[in-house]
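Enquirer: These are the residues of each chain, in order.
There are 2 protein chains.
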Amino acid sequence: MNIIESLKTFPLLANIREDELKVFASKLKEEVFPTGTSILVEGDTGDTMYLLIDGEVDVIKTTVYGEKFTCAKLKSSYHVLFGEIALIDNDKRSASIIATTECKCLSIDGKTFKDFCREYPNAGVELLLLICTNTAKNMRAENANLRLVYQALIDEIDAK
Amino acid sequence: MNIIESLKTFPLLANIREDELKVFASKLKEEVFPTGTSILVEGDTGDTMYLLIDGEVDVIKTTVYGEKFTCAKLKSSYHVLFGEIALIDNDKRSASIIATTECKCLSIDGKTFKDFCREYPNAGVELLLLICTNTAKNMRAENANLRLVYQALIDEIDAK
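As you go down the protein sequences, you meet chains A and B in turn. For what it's worth, this note's numbering labels the leading residue of the first sequence as 1, then goes sequentially. For what it's worth, this note's numbering labels the leading residue of the second sequence as 1, then goes sequentially.
Honestly, the hints are just simulated from the structure, not real lab data. Don't be surprised by glycine CBs; every beta carbon is placed ideally from N, CA and C. Among the hints, a few may not be true.
[Stated by the list, open to error] Stretches of chain B that chain A covers, calculated by requiring three or more beta carbons in the stretch to come under 8 Å of a beta carbon on chain A:
| hint | region |
| --- | --- |
| 1 | 101-113 |
| 2 | 121-134 |
[Claimed, not checked] Every beta carbon over 10 Å from chain B, so not counted as near; a handful from chain A, in silico:
| hint | residue |
| --- | --- |
| 3 | T45 |
| 4 | D89 |
| 5 | D91 |
| 6 | S96 |
| 7 | C117 |
| 8 | C132 |
The task is simple: from the sequences and hints, build the whole structure.
Expert: Structural data, given as structure tokens:
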């Protein structure tokens, strides 16, 4: 599958006009990560966003005690992206992303992405809606996690 | 301050062309909520997003045991918006928003918002970047909350 065909499998990106999608594809870097690679490292700086087009990854976070825990397992069939928070706010990576199989990604940095969105705003709106949809999903998952851990905390206190 | 002047105080929206900002302003509903009003209720359906232009609100969530806790206090001087997650994914409200002073908001529903973004994509890109920036900030706050509660849980277990 070429880059444009891969992009079209993402919801919303199929709405983008072919000529604009071609320009967007030309801004993307194709990267292959062997199994076990840290694609992103929590706490690092960097504003590159990745679209996962083949393979599987774990999303890993570190507790205040330095323990690592897996907070999500993602597959290319879910049409996910990661690194989009730092792409937007240029702050540190909020999680590590580990390739649990060989992974093929399409990557783009924050400046190139924002410049493209402003130069090709029709495509920009669809790309940003895709990011918003992805973030909304992550935000709801994070909410559910918080609720679970909070429940466990209350249970521990009650059990004393 | 009129609607357009209020909008221009939001970062990114000052980048929008005057004629497009006027059209966007015409899509917004000005709403005033007396102190104590629930502007949004956790678990409700509804895809209206609110830009807070005057006043202060509490963001309230409910634990699995039905206890309410304040997870953020927001002021109009922070140039915040809320309800943007449900605006994007049309799912249930993930938190309640309570007016702790009289609040003036500008509101817009999901369909009107997305239609506007696609019809006026230059403005759409800036609006969506504003939403992304807001969500990125909330996501990082939620991460920090999760880390704190997780730490408290580990401490409780260790103290046994």
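Enquirer: Which of the numbered hints are not met once you compare them with the structure shown?
Expert: Numbers 1, 4, 5, 7 and 8 - these are the hints that the structure violates, sorted from lowest upward.
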